[in-house]
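Using the sequences and the hints given, assemble the complete structure.
Going by our numbering, the first residue of the sequence shown is number 1, and it counts up by one from there.
I should point out that these hints are in silico values taken from the structure, not numbers from a laboratory.
In this text the structure is predicted, and so the values were computed from the model without any measurement.
Across the chosen pairs, the derived CB separations fall in these ranges:
no.: 1; residue 1: A101; residue 2: L274; range: 37 to 45 Å
no.: 2; residue 1: A175; residue 2: A101; range: 15 to 23 Å
no.: 3; residue 1: Q43; residue 2: S246; range: 32 to 40 Å
no.: 4; residue 1: M121; residue 2: P264; range: 40 to 48 Å
no.: 5; residue 1: T319; residue 2: H153; range: 36 to 44 Å
no.: 6; residue 1: A340; residue 2: A205; range: 37 to 45 Å
no.: 7; residue 1: R32; residue 2: S230; range: 40 to 48 Å
no.: 8; residue 1: P105; residue 2: A340; range: 27 to 35 Å
no.: 9; residue 1: T366; residue 2: S230; range: 31 to 39 Å
We put the beta carbon where it would ideally sit given N, CA and C, even for glycine.
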Amino acid sequence: MTYRRAAIPAVVGGLLLTVLLWWAGASESALRLRGSTDVLGAQTAAELERWLAPWSYDPPGSARIGAELSAGTGYPALSGSSRYLALYETALQIRFAAVFAFFVPGALLLVRRLPPVRGRMTAALLAVWAWGLVAGTLAVTVSAPWLIAAQGHGSYRFLPQLAGVISSGRQILVATALVTGVATVLMARVTAKGAGPLPREVVPAHAARLAATAGTALIALSLVILSYQSVAASIQTAFSGGGLLSEPGDLLRQWLLLGAWSGPAGTSLGDWLLYRAVDVLLLAAVWWALRLLPGLLTRATVPALAIGAVCATVLGLLTSQLLRMLLEGTNLRWDLYLAADFGGGVPAALTWGLPAGVATAVTLRTAVARTATRETTEPAKSTSREAVLHRPHRPARPPDPDPRHADQAHDQDDRTA
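Shown next, in the form of structure tokens:
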């Protein structure tokens with residue numbers, strides 16, 4: 001698929017995701033109405049308001065407008081709170097623009113390398129959905145400094161504040177990114193008509209398994225080793241920093257750890273094994289996605305595999321989080337509280353998914369090259385062996401007579417004569 005054909009669904013998807021997030025943020029004020037609390041309940045309405053607040057133009061109390069009159073003049077002067085309001089509006093403008101800017105390039109690459117045709121509809125939908133979460137998380141990250149400054153205390157514990165802002169707004173991203181993914185894939189399916197043949201990459205099964213194992217090993221490094229309780233605590237406290245960069249522990253954990261686990265102390269062994277099985281299922285989902293991804297792409301390039309690995313990791317996280325919600329729902333009352341962590345872990349998925357995709361691409365190319373070399377070498381050896389075996393048989397040459405025997409025969413003939 002050409003870039004021109006792939007750009008149309010990518011741009012439409014980026015606009016749709018931006019509009020959906022803006023609409024969700026604009027709906028935040030409606031949750032404060034009495035009718036909303038009567039229908040949804042006070043706790044549910046408050047939880048939904050917390051989910052939508054990061055995308056709302058309605059500023060928090062620290063950035064609300066306040067007009068003052070300058071001393072000795074009759075003209076209104078801008079107060080500190082109104083300047084904070086301007087910072088807050090700037091942060092939201094950057095956030096919505098960044099959503100579009102981050103979504104379009106990734107969706108363009110996915111739609112071009114993973115067109116939703118020839119049995120790739122589901123894979124393309126899941127990949128674009130996951131990339132919508134990544135784009136939203138990156139947009140929240142780049143706009144976070146302006147939002148922190150709008151609170152009026154940006155220099156105080158900046159890195160912990162940054163980690164808190166990045167973790168906000170992810171729940172609504174799951175729903176809006178899913179709607180965007182469906183629309184983008186349907187549009188891409190329309191634009192793919194008449195694009196010519198879109199064949200799949202031919203990948204040997206052994207090479208695909210080896211490449212998927214190499215990529216999954218990096219994901220396991222974060223999920224199994226770094227996410228262990230004692231190791232995570234060391235990451236939290238190992239770096240103290242200073243000044244504006246003090247207390248980076250929360251931010252490091254957010255971008256490095258894909259989970260959190262400890263020994264079975266304090267819990268039943270059955271529950272502990274059940275939750276560890278969820279972690280194993282996450283790794284299995286990532287491995288299976290990386291195993292199938294090279295064969296689904298029209299061309300297994302490094303950028304396509306890198307973004308695909310990020311999307312596979314995000315999908316694995318969503319699967320494990322959904323299973324945890326189901327497990328915890330057996331002991332707790334079903335409520336929005338269960339979905340508080342749904343959509344989390346995207347920063348760490350981006351950190352580890354990119355190198356996992358690169359490792360997958362490098363391993364895949366190496367394995368394919370070795371397979372091709374072996375296939376070209378073995379026929380040459382077999383051909384030479386067959387030539388030796390099928391060489392025509394020549395009769396043995398009689399040995400040359402010994403000259404001494406010939407002389408003796410001549411002497412005997414002379415005596416006889």
